[in-house]
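**Q** Residue strings, one per chain:
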Amino acid sequence: MTAVANNPRTDASDTSPVLSVRDLHVSFPSEAGRVDAVRGVSFDLRPGRTLGIVGESGSGKSVTSLAIMGLLAKSARVSGSISLDGRELVGLNENQLSKVRGSEISMIFQDPLSSLTPVFSIGDQLVEAIQIHRQVSKQVAWDRGIELLRLVGIPNPAVRMKSFPHEFSGGMRQRVMIAIAIANDPKVIIADEPTTALDVTIQAQVLDLLKTAQTETGAAVIMITHDMGVVAGTADDVLVMYAGKPVEQAGVDELFGNPKMPYTIGLLGAIPRPDSTSGSALVPIEGNPPMLINLPDACPFAARCPIAVDECRTAEPPLASVGGDHLAACIRTHEIVDGSLDGRPVFPHPEIGEGELAEVPREERRPMLVVDQLTREFPLMKGAVLKRRVGTVYAVNGVSFDIREGETFAIVGESGSGKTTTLLAIMDLAKEAGGHVELAGVDLRTLRGARATRDLRRQVQIVFQDPMGALDPRFTVREIIAEPMRAFGTPKARIDARVKELMATVGLDPAHADRFPGAFSGGQRQRIGIARALASEPKLLVLDEPVSALDVSIQAGVINLLDKLKHEMGLSYLFVAHDLSVVRHLADRVAVMYLGKFVEIGDTDRVFDHPTHPYTEALISAIPVPDPAVERSRERILLNGDLPSPTEDRPGCRFVSRCPLYATLPPEQQEVCTTTTPDLVGKEGVDHRHACHHR
Amino acid sequence: MVKPTDPEVEPETLATIAQVETLGGGAAEALETSAGASQAAPRRRSNSKLGLYVRRFLRNYSAVAGVVIFVVIALFGIFGSFIAPFKYEDVDFFNLQTPPGEGGHWFGTNGVGNDLFAALAHGVQRSLVIGVVVSLATTVIAAVIGSLAAYLGGWIERVILEVIHFLLVVPSFLVLALVSNRAGGDWKMLIVVLIIFGWMFYARVVWTMALSLREREYVAAARYMGLGPFTVVWRHIIPNIGSLLTIHFTLGVVSTIQSETALSFLGFGVKQPDVSLGTLIADGIGTLNSAPWMFWFPAITLTLLTVSMAFIADGLRDALDPNSAAGGHA
Chain V
1 MTAVANNPRT DASDTSPVLS VRDLHVSFPS EAGRVDAVRG VSFDLRPGRT
51 LGIVGESGSG KSVTSLAIMG LLAKSARVSG SISLDGRELV GLNENQLSKV
101 RGSEISMIFQ DPLSSLTPVF SIGDQLVEAI QIHRQVSKQV AWDRGIELLR
151 LVGIPNPAVR MKSFPHEFSG GMRQRVMIAI AIANDPKVII ADEPTTALDV
201 TIQAQVLDLL KTAQTETGAA VIMITHDMGV VAGTADDVLV MYAGKPVEQA
251 GVDELFGNPK MPYTIGLLGA IPRPDSTSGS ALVPIEGNPP MLINLPDACP
301 FAARCPIAVD ECRTAEPPLA SVGGDHLAAC IRTHEIVDGS LDGRPVFPHP
351 EIGEGELAEV PREERRPMLV VDQLTREFPL MKGAVLKRRV GTVYAVNGVS
401 FDIREGETFA IVGESGSGKT TTLLAIMDLA KEAGGHVELA GVDLRTLRGA
451 RATRDLRRQV QIVFQDPMGA LDPRFTVREI IAEPMRAFGT PKARIDARVK
501 ELMATVGLDP AHADRFPGAF SGGQRQRIGI ARALASEPKL LVLDEPVSAL
551 DVSIQAGVIN LLDKLKHEMG LSYLFVAHDL SVVRHLADRV AVMYLGKFVE
601 IGDTDRVFDH PTHPYTEALI SAIPVPDPAV ERSRERILLN GDLPSPTEDR
651 PGCRFVSRCP LYATLPPEQQ EVCTTTTPDL VGKEGVDHRH ACHHR
Chain E
696 MVKPTDPEVE PETLATIAQV ETLGGGAAEA LETSAGASQA APRRRSNSKL
746 GLYVRRFLRN YSAVAGVVIF VVIALFGIFG SFIAPFKYED VDFFNLQTPP
796 GEGGHWFGTN GVGNDLFAAL AHGVQRSLVI GVVVSLATTV IAAVIGSLAA
846 YLGGWIERVI LEVIHFLLVV PSFLVLALVS NRAGGDWKML IVVLIIFGWM
896 FYARVVWTMA LSLREREYVA AARYMGLGPF TVVWRHIIPN IGSLLTIHFT
946 LGVVSTIQSE TALSFLGFGV KQPDVSLGTL IADGIGTLNS APWMFWFPAI
996 TLTLLTVSMA FIADGLRDAL DPNSAAGGHA
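Sequence order for the protein chains is V and E.
Mapping the first sequence onto this note's numbering, position 663 (from 1) lands on 663, and the numbers just tick up by one.
Mapping the second sequence onto this note's numbering, position 322 (from 1) lands on 1017, and the numbers just tick up by one.
Just chain V, with the same shape it has in the complex (with noise of 0.2 Å):
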C-alpha cells in the first residue's frame, strides 16, 4: 500500500520519535455508505519539532487528530496504529485513555469560545485539567494556574483566574486554552486550526505564545491548519493531505521550494499573497474533492488535475520518495521540476480581461454610494426589570467615503472595529444612523414610501459570510435565487429562465436547480448567495466576508467569479475583509477601520506597499506570507493587548494603548496625541489619506 517512511532527519538529532503514527484508517457509517475518512496516515513527529497538517475541509485532518486523541464517536471504526513514546493507543478503552489525554497529548481546538465552559471561571477549569492528572491540592494546583496564565500572557492573572469565559476576547480566551493544553507538560500538542477564528494581529500573538509553550515543555506540535502562510511560519515538517491520504510529504523548504504532486502546487497557487500586485487572477483548482465513499483505485485528485493522464486512473499511486525525505503521492513527479511541467505552470492562469470602466478614470464615473460623518450608536442597558441607559457603545463613530460605478472598495479591520455595522447600516438603508448617505443618487433622509423603499432596495444586495447560515435550508436552490425576484415582482414566466440564466453566470449547473442547499459544498453555495444577490440586477453588492468561511483553493474560484462578475457587468461592491490578502487582489481602493473610525484610506497598491499609520503597518506585516524564507526573517510588529471598549469617545486617538509608534514618542508629542483627535489627511492629488499627527 503506501510506503511507510522512515525519516532520518539530517539535521535533527537522531531522537526517537514521540508520536508514531502508521497507517491510521478511520471509518463512518452514513447513509450513503461507509465514508473512508482517513485511508493511511503514517508519520513520525519528533520532540521538539512541528508538524504541519494542510489540507481543504474533507481531507480527514481534523479526524486523525481526533482519532489521535481517542475523541471519535462510537460509531467510528479505527484501524492502524498510534504509538505514543512506544505505547499503543488504538485499542486502549476510555479508562486508560483518558489517562493519557490532557497529560500526555493535550489539544487546542479552533473555537476557543466553545472549547471553555461557560458555566465555571477559567481558574476552575484550570484547577481541574491540573488536579485530574495529578495528585495535588487545590492551592497548588490555582497557584500554578496563575503561573500559567502569566506564561501565556493574559495580565493581572491573580485577579483573571477568577473571571469567566464570556468576559475574555477571543484572543485571550485562546491564549487560556493554550495554557489548559501546557499545564500538564504535554509530550504532544495537537492545535486544531487554533488561530482560524481570530484576527491577524491575535494570529501573530498566539502563534508566537505556541512557539513559546513549545519551548517551555519541550513538546512535538501538530499544527492543523488550511493556510499556507501559518505553515510557512511554523512547521518544520509538512504533511498534505487529499481525500483521506497523504499526498505530500516533506521538510517545510523542501515542500514551498519543489513541490511535487499537483495538488501542493494547485494550494500554492490559489493563495493570494499580501505583497503580490493585485489584478492578476488567482488560480483556482476546479471542482470538489470527491465523497470518501467506495472510491475507486485511482489517483483521487485526477478528476481535477489538469495534467492528469489515462495511467492515473488506472491505480492509486502509493506515496513515493522523490529525493530524500521528500514523499509525493503522483506518478508523474519526475517531470515536475519548480512547479511546472515542460516549462509551463502545471495550473493555466485564468484570464480575466478588464472591464470597459477600467478605461474611465475615478472622478468622471458615477458615485453609486455616497457616505458622509455615518454613526451608528447602540445603547448600553444595565438592569433586569427596569432597564436604564448606562453609556453608548460607539460602533461605527464617523466613517466617510465614497465609492464610484464599477469599483471596488474594502474596509479592513479587527473584529469589533465596526465593519459590519457600516454594512448593515448602509443595507438598513440608515434608519437608525447618523450622518449622511446617498445610495445611487437618492438621499436616504428624503426617502419617503414602500415604493420607492421598495425600488431602491432593488440596487443594493448583499452577500453574507457565512455560506451555511446564509441560505434556508428547507429553500431549494431555484426557490432561493427566485426569491428577490419575487419579491420585487419580476413576472413569472420571466423567473424561470433568469434562475439558469443566474446559476450559469455564476459557474453552477442549472439542473441542479432542485437541489436543496445541504446538498452543495460551502463554495458551491456561497455562490448560490451571489447569484440571489444578483438577482434584482443590483448596482452595487456589499459583500460581508464573502470568502473567509471557505477553503483557499476554493476561495480562489470565488475571487476570479466576483472579479469577472465586476467587469462583466460593471458591478460596483463594497466589501469587508480581515483577510488582507484577498483585499489586495480584489479591491481597487481599502480603507482601514479602528474603533469605528477610518485610520487610513487610499487606493490599495499605495496603502499596502507605503502603510502610513502604524496601525496599518501592524496589519500588513502580520498577515502571514506563504514563503518560509520570508516568514522566518522578518521582523513582525506585534501589538499587545486587545482593542479597547467602545463605549468611550473621548477626544484624542483611541490608537494610543497599542500605538508602538507613541511609546517612542518624547511627552510633548505624546501630549498631542491624547488630546486631539486626528483627522484624515494626505498629499494633495494622491489618493491616500491617514489619521496620525506624527506621520
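Hints were generated in silico from the structure; no laboratory data involved.
Glycine included, C-beta positions come from ideal geometry on N, C-alpha and C.
Wrong hints could be hidden among the right ones.
[Claimed, not checked] Label-pair distances were calculated between CB atoms; the ranges are:
1) V:Glu-635 - E:Gly-746: 58 to 66 Å
2) E:Gly-848 - V:Glu-635: 43 to 51 Å
3) V:Gly-91 - E:Leu-745: 37 to 45 Å
4) E:Gly-848 - V:Gln-139: 47 to 55 Å
5) V:Pro-644 - E:Ile-851: 35 to 43 Å
6) V:Gln-139 - E:Ile-851: 49 to 57 Å
7) V:Lys-74 - E:Glu-910: 32 to 40 Å
Following the hints, put chain E in place on chain V, whose structure we already have.
**A** The following block gives chain E in isolation, referenced to the frame of chain V:
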C-alpha cells in the same frame, strides 16, 4: 468572526437537521455532482428528506414498537365500535357487572350493563379526537404567535410576552373545570377551553427558538429583499422549526389526553352518558376490588397510549439528530 458552524448561534437541533440532510440525502446527491464519474454507483435508496428520516426512525426498535402499538390503539378507537356486538350506550340487564368473556361481552360490563369493549372503543376515539385537535391547534397557534413575537421585537414582543406570562399564571385547570362544567360536559367546549389554555407554554418555547433564528443571515437577506414581517415569519422562520413542531405535536396528543383524562376523572370533563378514558378509569377505581376489569382495561390502554407516544417522540428526536445512534455503525 462567524465560522461555518457557529455553536453559540445555532440551537443544536436546528443545525442538526441540515447536517442530517448533508450526511444522508446530501451524501448521495453530492456524489452525482462531484467530478468523479468513475466512482461506483451508490446504493440506490430514497434520497428525499422524508425517506432519510424514515430510515433513521426505523433503526430504533422501540420507536417502531411504539408506532405499532399506537396504530393498533388508533384502529381500535376507529373501528372498535363497528365490530363490537353492542353499542356503548346499550344497557344489558342480563349481564350486570359480568367479568370479561361472559355473555358475549369481550371486556365485561359495568354495573349498569354497558359493554366495556364498546365503551372503551368510544372512549379511545373521543380522547384521541380531543388530543389530536387540541394538539394541532395549540402547536399552530404557539408557532405563529411565538415566532411573530420574536421577529417583530420591540413593544409588540413585550406585550405578547406579558400576555403569555399572565395566562400562564392564571389557574387554568380551575378555569377549565368551571367552564366545562358550565357547558355540561360538551366535548367540543372542552376542546375549545383546552386550546385557549394550552398554547402559552409552547409559545414561549417557540419564542426562544425563533429568537436565535431571527439572527440568521437568510432571515436578514429576506428582510433586505423588502419582504414584510408576516411573509418572512411564515416562509423562513416557521418551516425551520418544523421538525420540533412535529415532535411537540406528537407529545401534545398524549399530554392532552392526560389532561382530559384528569379532568374527566375529577368529574369536570366529559360527562355521562358520553364516555372517555378518564370517566372509565374514574368508574373503575370505584369498583376496583369487585370488578377489577373495569379499571384495568382502560388503565392499560391509557398507559400503552402514553408509552407508545413517548417511544415515538424519542425515535423522532433521534431520527432528527445526526449525532445520535440512528446513523448506524461503521
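**Q** Now tell me, hint by hint, if it's right for this structure.
**A** Against the structure, the hints come out as follows:
1. Restraint check, Glu-635 (chain V) to Gly-746 (chain E): a C-beta distance of roughly 60 Å satisfies the suggested window 58 to 66 Å.
2. A hinted range of 43 to 51 Å holds for the C-beta pair Gly-848 (chain E) and Glu-635 (chain V), which are about 50 Å apart.
3. Checked against the hint of 37 to 45 Å, the pair Gly-91 (chain V) and Leu-745 (chain E) passes, with Cβ atoms roughly 40 Å apart.
4. Checked against the given bound of 47 to 55 Å, the beta carbons of Gly-848 (chain E) and Gln-139 (chain V), roughly 49 Å apart, stay inside it.
5. Roughly 37 Å separates the CB atoms of Pro-644 (chain V) and Ile-851 (chain E), a value that falls within the hinted 35 to 43 Å.
6. Separated by about 54 Å at the C-beta atoms, Gln-139 (chain V) and Ile-851 (chain E) satisfy the suggested range of 49 to 57 Å.
7. At roughly 34 Å, the beta carbons of Lys-74 (chain V) and Glu-910 (chain E) sit within the given window of 32 to 40 Å.
Every hint, counting from the list given before, is met by this structure.
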